[in-house]
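Asks: These are the residues of each chain, in order.
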Amino acid sequence: MSTTTTSKIEYLPRSRRRTLVIIALAGYPVAVAALAALKHTSLNRWLILALFLLLLLLTLAPLTVSYRYARGRIDGRRTRLDERDLALRQQAYALSHRVLTVILIAATAITEIYLTSGNNLRLDANTFWPAAMWVIVYLPALPSLMLAWIETDQPADA
Amino acid sequence: MPDTQRRVHNRLAVLRTERGLSRKQLADKLGINYQTIGYIERGDYNPSLELALTIAELFRLPIEAIFSLKPMTPLSEEIFREPPAEPR
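Chains as they are written, first to last, in the working numbering: chain A, 1 to 158; chain B, 1 to 88.
Derived DMTMM-like pairs: lysine to aspartate or glutamate, alpha-carbon spacing no greater than 20 Å straight-line:
no., chain 1, residue 1, chain 2, residue 2
1, B, Lys29, A, Glu83
2, B, Lys24, A, Glu10
3, B, Lys29, B, Glu50
4, B, Lys24, A, Asp82
5, A, Lys39, A, Asp124
6, B, Lys24, B, Glu57
7, B, Lys24, A, Asp153
8, B, Lys29, A, Asp82
Derived DEER-like restraints, expressed as beta-carbon distance ranges:
no., chain 1, residue 1, chain 2, residue 2, range
9, A, Ser42, B, Gln5, 55 to 61 Å
10, A, Gly72, B, Gln5, 21 to 27 Å
11, B, Gln5, A, Arg80, 22 to 28 Å
12, A, Arg16, B, Ala13, 25 to 31 Å
13, A, Thr101, B, Pro84, 55 to 61 Å
Bear in mind the hints are in silico, worked out from the structure with no lab data behind them. If you're wondering where the values come from, they're calculated on a predicted model, not measured in any experiment. By construction, the Cβ of each residue, glycine as well, lies at the ideal position given by its N, Cα and C atoms.
Kindly produce the complete structure, drawing on both the sequences and the hints.
Replies: Have a look at this one:
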């Protein structure tokens, strides 16, 4: 990514960053749910796949931007992290933990309600891969997304 | 800055401008990122005690002349404030 693009990402206002984080977090579950719902329709398989990929692409773009916004500070690759960066990183990790806890409790509760309502959950590649993909993509990105969420707008240069 | 944290008011922007320093120059002297100076000036980040003391040392001023828990009055007002009338 060019320096100009990186600089633009660095100066994204918080309102825009928060919108990107919401799209990034909600996009994948929406795409998977849409795929599951469309599978039972008479729509052409390739059209369903195209729609799914489009939704994924719309999710990946904000996910990448949000991730790049904070990556250098989360993984410590930025040459000099000062005390504010370190404090912010700590807050981002704490918020990530809270968000992850809420997601896991919600997922467990939904599964429990689904199973106690007389349904069966067959664990195979088709049901497991959406969860596996979520873990692979979102778990490493979550602290960066949270940092992008919490940091206030950068002061104007002076 | 977490919402529960009390705001620390400061005169950093005035002092920095008075000494003709840019945020980048001041940040380099303090060994921090220049954005952090902006966040401190805006009151969005409360510096650690170590950083506050380093700033005070750099400006050769007592720490309470730069940072305060109460909103700060303009420096000129403090310098030219009339002393309280002496009791008779």
